Each structure stands twice: as C-alpha cells, then as structure tokens.
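Q: So the chains spell out like this:
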Amino acid sequence: MRRVLALGSLVALAVGGAGCFYGDAINERPSAEIQRLDAGVPARGGQLSFRAITDDPDDDAVTYGWRFETCNGAGICAASETGVDPVFTVSIPVRVEDAPTVQVVVTLDVADEWGAVARPTQRLVLDVVNNLPDLTVQRRGRELGGAFPPDVPIVVSARGTDRDGDAVTLAWELFPPRGSVPADRRFEPLPDPPGGGEERLLLPDVEGSWRVRVTASDGVDVRVVDLPILVVPARPPCLGALDPAPPPPGAALLLDQPRRFAVLVVEDDLDVFPAPPPDDPYLGVTGFRWYVRGPGAAGFAHVDTDVAAFELDPAQFDPGDLVDVRVEIDDRVGRAVQCAADAATCSFAQDGCLQRLTWTVEVR
Amino acid sequence: MSGHAARLAVLAAGVALGAGAAACGAMGADDSDGGQDAATGDAGGCYVVVAFQPTAPVAPATVVAHGDVVGAQGVVTYTWVVRKAGVDVPVTALDPDGRDIQFDAATAGVYDVELHVGGPCLPFAGGLNVTAPGANTRAVRLRMVPPGSIDAPPQERIVIVPGGADFAAGVLVLDAGNLYPIAARAAGAPVSAYLRFTSRATPDAVVEAFTGAGGDTAVRLVPGRYDVLVVPTSSALAPRLITDWDPLTGQLALAAGTALAGTVLDAGGAPVVGARVSLTSGGVPSTVATTAVDGSFTVRWREGGAVEALAVIPPAGSALPRLDADVELGGRAAITVRHAAVATSELGGTAVRVGGVAAAAADVLVDVGVAGAGTVRDGATLLATARGSQRRVLRTDGAGALPAARLIDGPAAIFVAGPGPGATAAVTLPPAGAIDAAAPVMVTGRVLRAAGGARGDARLRATLTGPLAHAGAPAPTAVAGADGRFVLVLAAGGSYAVTIADPTADDAALATSVVGASTRDLGDLTLAPAIAVTGEVRASGQSVGARAVGLAALCHLDCTGIERSRPLGEAVTDAAGRFTVAVPDPGVTP
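Protein chains in written order, with the working numbering: chain B, 1 to 364; chain Z, 1001 to 1590.
Honestly, the hints are just simulated from the structure, not real lab data.
Quick caveat: nothing in here was measured; it's all calculated off a predicted structure.
Virtual Cβ for every residue (Gly too), placed ideally from N, Cα, C.
One or more of the hints may lead you astray.
Stretch by stretch, here's where chain B covers chain Z in the computed footprint (C-beta under 8 angstroms, at least three residues) [stated by the list, open to error]:
1) 1054-1062
2) 1375-1387
3) 1465-1471
Far from chain B, by Cβ distances over 12 angstroms, these chain Z residues were calculated [what the hints assert, rightly or not]:
4) Val1089
5) Ala1351
6) Pro1430
7) Leu1448
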C-alpha cells in the first residue's frame, strides 16, 4: 500500500511540477468485536475464552487490551484479569467481595500502530450462574435385589460438596409409606461418620416404599436427592448346597453305612447358614426342621433337632427298607409350609427357591 | 486368636451373599500351600508377579518381597501394602523405585500383601503364611459343594494346616470336571441302576447318579479313576463294585452274578413267606429277595470278602426275629435258614412308667436281641448260628399300657419318647411287671475357653448313641450361661455323644460323651483353640471367585466312619468367592 501511495505521490509530484496538488494519506481506525469461544452458560468457578476479531482497513498491526471484571449481586465489581493476546482466557472467581459472583464484564480495546482505537469499545456482559451443590446419597443394610427387610437397620449416608467452594448444609426428610407409626420407626442421626458427610439410621417399621429426601444447600441454590428404599416382607430362605444331593423323584440313594444328610448353605435376607457371627447387626441363623418317614409309615415324624444335618444309620433299619429324610427351613418369620405332605420339595413362592427337600434312601 | 476380629468380619462378608465384584488378583490357582511361591495378578497380558524370600517363613522373620510386572509399558510405580489382621505392617524399600521391599513378620499368621502398579495391571493381592516356630500340622479335607448354578461335582482338597496361627489356603479351583456319558448294560441290555462313584484320589467325595430305563445317563465327574458301585433296580442282576474305573470308558458292565438259592423256615420247619433275604460281601450288597410261599428265595451277589453278612427280615407283623449271621457263602449254591425255637412273650397291657408316672400315649422303642435265634445250613452242614433281634416302636394307650405285641424274650433296651429327652430302661423280656424308666436327669458342667475363663453362650447338643440311637430321637440342647455353666437334661441311663460349640468360632468344637446318664457334674470342659483357615474358591476357567459354595473342613487322617463327614467347621463363600472356616488349632511343639 505504501508503495502504491509513494507511486501516487511521484505521479502527483510530476503533475505538481506541472502545477498539480499532493498531500499525506489518511490512516483509518481498526474495527473490533469479541467472539466467545466456549458455549454454555458461564458458571462460578468456570472458565471463559474469547477471541478478538479485528479488521484494520490499512492492514496495520493492532494491539489488544482485554479487561475482565466480575460483579456480585450487590453490583459491586472488581477488576480481575487483563490480557493482550488475541485470545483471552479467564477463570470466573466464585466470589466478589465475599458474595457470589453473578455477572462478568469483558471489554476489549483494539488499537493500530498509529494509535487509532477501535470504536466503540467492545464490551460483553455475561450473567454467571451458580453451580449447584453436588450431593451423594447412599444406603447400606441387608439389601437383596434392591429391597430391604423390615425391622432391620438401614444406614443412609449423604455428603454434599460444592464446586464453588460454598459451605453446604444438608436437610433430611423422611417419607414413610402408609401405615408407618412414628413411635415405631426410627430415623435418627449417627455421630461422626468416618467418611465424612452425615448419616442417618433408618429402622423401618412397615413394608412399602420409603423415601429419604436430602436437600443440599450452598446458600444460593439447592439440590434435592430422593433416595427410594423399598421395604419388602422378609423373603423365604432358600436351600443352597446340599450334601448329598437329593435323588430325583422315584429314585433312592443307597444307605449301606451311616450317612450324614447336610444342608451346607441357606441363602436368605435375614437368617442364613452357616450361622453369622453372634454380634452381626442384621443376620440370624436359619431354623431347620427335620422329619423321617420310616418303612411302612404313613407320615413323617418330626425330629427334635434344629441343626443343619441329620445322620441316619442303616443299623436302625432292615435291608430293603425305604426311608425318607426331609428337611424344611425357615427364617424368623415362622411360616407354615403349604405344600402337601407327600411333596418331596416345596417352594413358598414357586420360584425355584426351595424350603423343603427330601432324600429317599434304600437300606442295604 | 489374633485374627478374631478380621475373621468375624470376613465371616460376616461370607454370609452376605449379594452379588458383587470379585477381588482383583490372588494367589496362584489351587495354591493350597497358601501361595508362598510367586503369584500373579493378571489383566489381559499385564502380569504382576510377587515372589517371597524365604518362601516358607517362620516367625520371627524378615520377609523380602520381590515385585515384577510383565507386559507393562513405560515407567511402573510400585506401591506396596502389607497388613496383618487388618493392621498395616511397615515396609522398607530395597531399591529406589520400591520394586522390592522387606518387612518384619514378628508374629505368625497371615500377612496380606498387595502390590499396586497402576495402569492397566490389576493389583496383586495375596496372603503369605508365616508359621509359628515348632508348628504342628494337621491334614484337613476341605469339601466344596457348589450351588446349582455352578456345574461342578462336589470335591475335596487336602490342606496341611500348621498350628499356632491363622492360615491362608490360597485359591482352590472348583474343577468343573467333564460330563461323561455312561451306559449300564447287562449282556447288551440296558440296566436301570443306582451308581455311586468314589474317586480313588479323594474317596470321601462321592458322586451319586442313576441310569433310567434306557440304561444311560450323563454324570459330571472330575477326571480320574473311580470305584463304581452299581446297584441295579432289577433283582435279576447282582450289584457290582467296579474298581479303578476310567469314566472315559463310559461302560458299566453288569451281569446276573452268583445265584444263592435258599429257604427260610420257622422253628417248626414251616416255610416263612414274605421274608426279605439279603447279604453283603466285602461291602457290596446283594439283591434283596423275598421268600415265596414255599419259603424259597434266590439272591444274586458277587463275592467280595471272606465272610458274608446275611440278614433275614421276617415279614411285617410276624413274631419272628430278624436273623443276622456272619457266614462264608463262597461256592455255596443253596442254604437253609431256620429259625430256632425262641421263647416269645406277649407285651400287651404291660404298663410303662417314667419316674413312676404312666407314660400315656408315648412311643416306646423296644430293642431286644438274643443269640442262637437260628441256623444257616448247607444241606446238613451247619454254616453259622444267627443272632436274633427285634426292634419295634409300640405306642402306649391313655393309661400308659403297651398294645398287643409278641416279642422274643431276652435283654432289651427301652426308650420312652415323651416331653424333653425321653427316658430309657434296660429290662429283660418278658418284664416281671411294669417297665419303669427313670425320670430325666440333669447333667451339669462348665465350659471354659481355650485361653482361659468361662465361655458363655456355648451351645451344647446331646445325641443318643448305642442301641437306642434311632432316627427321630430327641437331641437335648443347652446354652451355657455367662459363667459358662450349663444344664443338660438327659434320659436317665442313656448314652450320649455331646458336642459343645463356640458360636464365635474363637475356639473349636469339643466332643465328649456321657455314658449311662445320671445326675452328675462333668466339671470343667475346656474348648480347644481354633485357627481360621481362609481362602478363595474359583470355578475352573474363571479368574473370579465362586459364590455360595458350601465348604466343610473335615478330618482326614485321624478319623473313620461317619466322623469323616462331621465337619470341624463350615463356611460358605461370599460374593468374591472367599471363605473363612475355623478348625482346631494343631498347636505348636515348644
């Protein structure tokens, strides 16, 4: 451009020598605007990036002057950062004068090398939102398949954090199902959870859908988490591993020496086998009922024993005798077996979870 | 026991059978020596290897752990954690990057060692056994019975447990075995039968199966050789014990066996109709024959021993006794079993009293036996004399009198069922008058902990033994008070096996006996100390634990008979396949 101007000047000089006009070229001011590089609503503690979009008609080099101010809800603003690069990245302080940041102002001044300043000064005002507090709510207890048995303690833990660094307070509400009696249920804080946060002990008194609502507040906003707790009737226990395995219907194991018929595992939500430690907060031990039907007997005779195994000696019988050994299990609920006496197996819920099994043996 | 708290914690986890992720890393597969050798945590080609020096440390010891990673890229960071009973043990790095460390194993027990290397490699985690000086050892069988969700037969592992400290048994692999097709045939014809497979390697872990009418079945067995007892449903085929059988053959060949014909006669020489006759030779039963109208029978059997046990069961309702004889039947084709003229008496109307009170509507077990109740002959040759016995349950009426029943005369043991433990009496039939059984008696004592002091809450159970032991007999129980004292109410004169269990599993169960129960004090009964055996069960082919596997610790070299199936301790694997089972402490020799 300069070369063009100089050539023009020479031409004008030549013409002037012949009585022509000549003069200096006029510098034009640059133009500028602010382009935001990131999307979304600015949040306290977040980052913002801007780029200066400039144009100088004279193709002069330009300089950048960024200013970044933050303001709180009371309208008090503070200069935060400045920048001189085409791209301006800033962090939004969470507080201004000890109050949450609610607005930021970005201004951009652009000048060319002749001092011409872009007009008007570019100014971008952005509202800043508060980050909601984060809230984690968990439950622990004798949970099986997403449900809890009644009258067994459930510990609900909650911890609130805030990315803005605001102090978080928690508020607890319990929504029991219909039929719950305040005097019969417990919902009380536990002292000093080792993992921080807060903990409550819930002892539900009735079955149904319970809900624990925890509200975390950072002083600006709140986050609410509803934790559902499904309390279902105690499940029937299920016979697990057995030794020996019962024979198929119509078949008989051989009893030619003393044998032990043992339940090795019972799975249950409350009462299990092998027995839990006596001080377990939730669990108890399965109840066992044993029956024997000797040769020719019409029905089963109950055996006064409640252990997990039953021993049978062929010496108490004669070769060729068929003897049935039956075990039934129950938990603290104390259900009555509904199946017919002749049924070798029984399942309360017809779901494959067995509460009764029968070994048929043939004495030799 | 030092690891009590940790053991209870694991035990609690062991009974919480919810689904869950398995622990990462573990000792090498089936590392029944506790994983003293190098072991790995494997994550798709990235191996964490840890080797210990010494490999079998004895406390106190300085243990060096060498860590290594195979398959990792870049700089590896070694982070070690060593704990004993949940308490951190200080470690000292032996090189700048901490690849090798050492730690002091001041006391015996299980040292849990973890090595984290970051990146894609799963951490190593395993337990190092540090044994007590002078530790005695005991072989223990760990029987694993999988739940229905795992296709694997029950099986056993023998673990040598050192005394004086808890012990980590490492990873026990539950061998899925193979599903073997099996055909039972007799002269090419299918045989319906009961099958019992006894592993020659672990003979206590038997597998039972049945062939149907087609003679075929499929049985899941751990590869190996078996002794197979085949008991056909048909009385035309003799049961057979096939020894050292390879399941790969798949064939079980049967035959009619040896026929033994005979006749059962009463004392007057009249045929006994409907009697059952059977014999056992070398532990293998014969068929069970029923006598025809002429008293004849034919049993089919195989000679397996020098002497056979012959049993003749009279028909229901008969006054004849059961006859039992030990007799050599090899080479015999026919025998005659004849009842002797044994005196009998009618017991109907005999009063039964317990503690002087009529035992109304009570079941009364009468077990009476007499020698010389019959003979076994081959033609004119006397082969054996038979013992006679009768075992009847008679129910008294409302006045406590026995119903009509004719039994042989002779010494009898009587058990009167009733509220509580029941009552026993020893009488000679026919009784001179009423059958009087003494009232229950109280047997007292005190349970002490192995470490000293009373063991409150101990559970006691008494089981009838001897002739009066029978299915359905009550098993009196008691719970020791806080001072360890207990009161067991037993049938007077009864013989009992008494077990005393510590519900906390701090101490091992104690077995004792009471013979001829009478009111007495057994004194102080001190429980034996227990140690915790921990480990992990995995299904073969899996790198995660198998849950809900029933696990029983059983005696091995020091027991026989049904004792071999009575567990020293029981456990169930948790969601990660881990277990903790308490067994008696073999102790140490100073």
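Q: Does each hint hold? Answer for all of them.
A: Hints, one by one, checked against the model:
1. Coverage of the stretch 1054-1062 of chain Z by chain B is violated in this model, with 0 residues showing a Cβ closer than 8 angstroms to a Cβ of that chain against a need of three.
2. Residue count for the stretch 1375-1387 of chain Z with a Cβ under 8 angstroms from a Cβ of chain B: 0. That is fewer than the three needed, and the coverage hint is violated.
3. With 3 residues having a Cβ less than 8 angstroms from any Cβ of chain B, the stretch 1465-1471 of chain Z passes the three-residue criterion, so the hint holds.
4. Distance to chain B confirms Z:Val1089 as a non-interface residue, since its nearest Cβ pair spans about 22 angstroms, more than 12 angstroms.
5. In this structure Z:Ala1351 is separated from chain B by more than 12 angstroms, as the shortest Cβ-Cβ distance comes to about 24 angstroms.
6. Against the 12 angstroms criterion, Z:Pro1430 stays outside the reach of chain B, whose nearest CB is about 24 angstroms from its own CB.
7. Listed as outside the interface, Z:Leu1448 is consistent with that label: its C-beta sits roughly 18 angstroms from the nearest C-beta of chain B, beyond the 12 angstroms cut-off.
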